[in-house]
Amino acid sequence: MTVTTELQNEVPAKLSVQKVGKSFRTKDGAVLALDGISLDVAEGEFVCLLGPSGCGKSTLLNIIAGLEEADAGQVVADGARITQPGRDRMMMFQESALFPWLNVRKNVLFGLKLKPNLKRKERVAVADFYLKLVGLEKFQRAFVHELSGGMKQRVALARALAPNPKVLLMDEPFAALDALTREQLYGDLQRIWQDRKKTIVFVTHNVREAVCLGDRVILFSPHPGRIRQEFKIDLPRPRDINSVELARHATAIMAALKGHSQEQAEVAE
Amino acid sequence: MKRFIRASVFFAGLVLLWEALYRAHLWSPVLVPSPLSVGQYLWGAVADGTLGAAIVVTLRRLLYGYAFGLAIGLPVGFLTAHFRVLKDTIGLLALGLQTLPSVCWVPLALLWFGQTESAMFFVVVMGTIWSVIIATEDGVRNIPPIYARAAHTMGSHGLHTWTRVILPAALPYIVGGMKQGWAFAWRSLMAAEIYVTILSGFGLGFLLNNGRELNAMDEVIGIMLVLLVIGVLADKIIFAPWERVLRRRWGTSK
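So the sequences go chain by chain: A and B.
Using the numbering used here, the letters of the first sequence correspond one by one to residues 1 to 269.
Using the numbering used here, the letters of the second sequence correspond one by one to residues 270 to 523.
It should be emphasised that the hints constitute simulated quantities derived from the structure, not laboratory data.
Part of the chain A face toward chain B, derived, beta carbon under 8 Å:
{"hint": "1", "residue": "Pro85"}
{"hint": "2", "residue": "Glu95"}
{"hint": "3", "residue": "Trp101"}
{"hint": "4", "residue": "Phe110"}
Built from N, CA and C at the ideal position, the CB exists for glycine as well.
Given these sequences and hints, build the entire structure.
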């Protein structure tokens with residue numbers, strides 16, 4: 001009974017980023033990583049944060065996750081101010097961050113064990129469900145080093161999904177994978193997102209990836225990290241990263257990205 | 270099985286070489302006894318119970334001191350890794366004392382505790398504790414921070430993070446430190462047993478020194494062989510299974 005309840009879709013969360021600022025101290029003084037970032041993410045929306053490295057997009061994701069604190073402003077999830085990590089927001093990293101001392105199933109169980117009111121049998125059933133969802137039910141007993149890069153990220157996805165969060169925060173999760181594996185995962189992620197009804201904030205520096213996955217693409221510019229422009233992507237799903245339509249959108253965004261860096265270079269002169 | 274045979278042939282060859290050197294009469298038989306006379310000594314010592322008793326005394330001292338060293342060293346290592354102020358104080362002290370050869374503790378232990386079991390215990394603990402602290406601290410500091418971050422997002426905090434994430438993540442380093450601590454404890458105990466003659470029990474170090482005093486080379490070599498075998502067995506029985514498990518999980522085996 002509880003397993004059925006546990007596996008029901010959560011109502012995805014609304015996220016509201018309000019005038020968030022963050023600076024880091026370095027040897028050369030304070031660097032403004034984020035400056036006055038405001039952004040609303042609707043329930044069940046898939047938003048991609050796009051920008052060159054150093055534009056603060058990962059920092060923003062960490063603040064939403066509750067792993068870092070903003071110097072100014074706040075992030076609100078479903079009306080509650082975010083001050084620390086929470087099970088309603090799960091994070092996926094570029095490296096899988098799986099635990100090598102646990103096998104695949106126990107990695108997925110790690111977060112579930114921290115969830116109250118679940119019996120052992122129920123936890124195992126939930127873990128099995130998500131491992132099946134990412135297509136790895138046959139690798140439950142494998143250790144992390146025995147998996148390929150793509151399989152590791154699938155396990156990481158299952159681990160993030162298992163506690164049934166409302167929000168999924170993804171920090172360049174596919175950046176280290178080869179193109180073929182990535183394409184498979186684009187398909188899987190879109191399917192799972194629609195199936196499991198999550199709100200997703202996805203950080204990337206890959207324009208096509210952003211267009212392929214996002215309902216909206218938020219373009220960041222660096223030094224200081226600001227939101228530069230927003231693109232609505234209304235292509236039908238599931239999207240194929242190689243489609244002409246998608247390429248057209250990507251070209252437009254790429255132009256905006258380049259135009260901006262040109263502008264900055266001129267300012268520097 | 271193949272590896273066992275290979276090792277057996279190698280060691281049988283060594284004994285044959287030894288016998289050949291003995292028969293060549295290059296050195297006095299007092300200095301180089303035959304394998305047979307060493308074997309006879311060992312057999313006699315086993316038969317009259319002295320060897321068994323000595324092994325029990327030595328291993329008991331070793332285990333007590335080592336267990337105590339671990340019980341203190343592991344938690345202190347975690348603490349020095351976690352608190353900067355402890356790293357700069359106790360951590361530095363441990364680093365310094367770790368470089369001190371453990372035999373150097375013997376004179377101090379003798380003056381403090383006299384010819385007692387406490388002196389033995391103290392020397393073994395001092396041999397163990399510092400390297401365990403250093404290895405644990407290194408291990409904890411070398412854990413990729415992303416493990417703890419991932420755990421935090423899943424709702425792990427404080428003690429849970431330490432026992433379920435930090436400890437297992439540092440385990441390869443910790444086992445390495447435990448192994449080093451064991452080697453140091455073993456060395457320091459032998460030093461102590463050779464220097465300190467106490468009536469509460471004659472260990473292997475005493476027998477070794479006794480052999481020297483009696484000019485009984487068969488006893489000296491026989492006991493050295495026993496020490497060697499104990500060292501190898503300890504490695505194979507205590508540490509090898511751990512290392513196998515770690516290699517399998519972390520995928521570091523060849």
